[in-house]
Amino acid sequence: MELPGKGLVKGLAVTLGTLTQRTGTQQYPDVEPDLPPRTRGVIALIEENCTVCMLCARECPDWCIYIDSHKEEVVVPGAARARQRNVLDRFAIDFSLCMYCGICIEVCPFDALHWTPEFEYAEHDIRDLLHEKDRLEEWVATVPAPPAHDHRGEPAKEQTAAAKRSGQSAV
Amino acid sequence: MTSELTVGTGAGLDTADMVLNIGPQHPSTHGVLRLKLVLDGERVLSAEPIIGYMHRGAEKLFEVRDYRQIIMLANRHDWLSAFCNELGVVLAVERLMGIEVPDRAVWLRTALAELNRVLNHLMFLGSYPLEIGAITPVFYAFRERETIQAVLEEASGGRMHYMYNRVGGLKEEVPAGWTTRARTAIDQVRRRMPDLDNLIRRNEIFLARTVGVGVLSAADAAAYGASGPVARASGLDFDLRRDEPYLAYGALDVPVVTRTTGDCHARFEVLLDQVYASLDLAQTCLDEVDKLTGPVNVRLPKVVKAPEGHTYAWTENPLGINGYYLVSHGEKTPWRLKLRTASYSNVQALSKLLPGTLVPDLIAILGSMFFVVGDVDK
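Residue numbers (the UniProt record's numbering), protein chains in the order written: chain A, 1 to 171; chain B, 1 to 378.
The shape of chain A in the complex, shown without the other chains (with noise of 0.2 Å):
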C-alpha cells in the first residue's frame, strides 16, 4: 500500500522542479521564431521561370492555381518562320484551399515555384488569401537556401545536374 498522497506531493514536486527552471516561453511576436529552411510556410513565384506549361495547375489535388496566358509571336532575325512564345497573364495561388502538400513545386519542372517558411499572411476576409502573381513574387526574397543532404544519401538532384553540366563530380 502506497502513502496516502504520495502522488499527489511527487506532482508537486515537478512542479516544484519546473518552477526554478529556466523559462522556455518564446517571446513570439516579439522574437521571430527560428524556422528550417524546409518549412512549408507559403509559396513564392518566380514569374520568370514559368513557362505555363500548367504542370502545377494539373497536378494539384484541389486545383487552387488559377492560370491565364495568352501566345505571343516572337520574330528571331534569320528564321523561316515566328516562333510562338506562352506569356503568362495571371498566375493565382487560393490559400484558403492550398493544402500545404507542395505538389506544385516538386512537378514544377523550371523551378518557378519555391516554398518560404514565412507564414504572417493572416486576412480578416477569406477571399484575400488569394494571391495574385505579384503577391506571390513578393515572397521570392524569403525563400531560404536549401539545406545541404546528408552525406551518407544522396546528393540533390539539382546538384547532380549542376555537377554534371559544368563537368564535375557532385558534392
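For the record, the hints were derived by calculation from the structure and aren't laboratory data.
Please read these numbers as outputs of a predicted model, since none were measured by experiment.
Hints may be right or wrong, so weigh each one.
Claimed, not checked - Which residues of chain B face chain A? A few of them, derived with a C-beta cut under 7 Å, are:
| id | residue |
| --- | --- |
| 1 | Glu153 |
| 2 | Glu154 |
| 3 | Gly157 |
| 4 | Met163 |
| 5 | Val174 |
| 6 | Pro175 |
| 7 | Ala176 |
| 8 | Asp195 |
| 9 | Arg202 |
| 10 | Asn203 |
Where is the CB? At the ideal position from N, CA and C, for every residue including glycine.
Please build the complex by placing chain B on the supplied structure of chain A, with the hints as guidance.
Okay, now just chain B, sitting in the frame of chain A:
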C-alpha cells in the same frame, strides 16, 4: 364531494428516462462525435455513438486522385499520425508495383513512424488528464511534442501533415546533421518524460477517476475489432510490428506494452509506456540509418500506374490497426482504396462500455478510448 389533486406533471412518481445528446459539438469528444445517451438520473442506460459528422468522402476522393495526391489525402484522416497513414498507402502501392525500397529509406521511415507514434501518444497523454480536470500535464506533453515536431519539421517541412512519403521511398534526403539532432531531441524527451510520468501516473485524484472505470474485457475488445493501445490494455497481445513485421520492424526487437485490467488507467499506462518504447526504437533506427548510404527513393516512371490486381496493406498505427485495401485496374488512380481505421472500431466499443456507468465516468471513458474523429468518419 371528492376532489382529485395532481402533484407534479406526467405520471406521478414514475420517472421518465432522459435522452441526452453529447456532441456533435462537445469539448470532450475531440471533434464532432455525437453520443446519444438514455439516462436514468446520472446513470447511462444505453449509449449509441452517432458518427459521420466529419465524413469527407476520403475513399471516394482516392478514386479520382493519382498516387502522389492520395498520400496528401491519406495523411489527413488521422491528423495526429500523418506519417503512419502515408505509410499504409505507399506500402500498398509499392507491393502492387513490385518496387524494392532502398534500405536507407526503410530505416528512415521506421524511425519517423516511431517518432510520429510518440507525437500522437503525447497528445493524448496531455489531453486525457485535461478532460478529467488536470490541466498541468498538457503543458509538459506539449513541451515534448514541440521538441519532436521540430525534428520532423526540419526533415519534412510539415509539423502535422508531413507529406514526406513517396511511392518508392521518401521525398528527399534528410538535411546534413539531422540524425544527430534527432537523437539529441529523443534524449531530451526521454530525460524529461519522468516529469509527465510523476505528475499524473500515480496521482490519487487521477487514479480515483480512472482505476476500475470503463473496463473493456479482452473478448469484447476482440469482438468489436478494437486494436492498438485500447486492445492491448485489455490484454489482447497483438501488435503488427511484432506479429506481421513491415518496414524494418522484422529486424527490431519490438517491446509490446500490455496490461490486463482493461480500465481507463490501463489504457493510459499503455500509452505512457509505449512512448518510452518508441523513443528507444526510434533511436535504434537512427543508429542504423547512420550506417547506411545510398538513395532514399527510386526513380519512378513519369506516370505511376499500379498494375491490375489488389492488395491489402496494414500497419500498426499509433491508435491501432490501419489498413488500406487497394484495388487497381492498371490506371493511374486506384479503382478502389478501402480504408480500415483504428478509431472507427475502437469507438464502436463505446456502446458496450458506457451502459451502466455514471455521466462523470462517461467523460473519463470517452477520453480513454483514444480516437480521432477524422479517423472515425474518414
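Right, here's what the structure says about each hint:
1. Taking 7 Å as the C-beta contact cut-off toward chain A, the hint placing glutamate 153/B at the interface holds, the least distance being around 6 Å.
2. The beta carbon of glutamate 154/B comes within 4 Å of a beta carbon in chain A, closer than 7 Å, and the hint placing it at the interface holds.
3. With a cut of 7 Å, the hint placing glycine 157/B at the interface with chain A holds, because the nearest CB-to-CB distance is about 4 Å.
4. The criterion of a C-beta within 7 Å of any C-beta in chain A is met by methionine 163/B, whose closest approach is roughly 5 Å, and the hint holds.
5. At about 5 Å, the closest approach between the beta carbon of valine 174/B and any beta carbon in chain A falls short of 7 Å, and the interface hint on this residue holds.
6. Interface hint at proline 175/B: satisfied, since its Cβ lies 4 Å from the closest Cβ of chain A, which is below the 7 Å cut-off.
7. Below 7 Å, beta-carbon pairs count as interface contacts, and alanine 176/B has one with chain A at about 4 Å; its hint therefore holds.
8. Proximity of aspartate 195/B to chain A holds as hinted, the smallest CB-CB distance being about 5 Å (cut-off 7 Å).
9. Hint on arginine 202/B holds. Least Cβ distance to chain A is approximately 4 Å, under the 7 Å limit.
10. Nearest Cβ of chain A to the Cβ of asparagine 203/B: about 4 Å, under the 7 Å cut. The hint holds.
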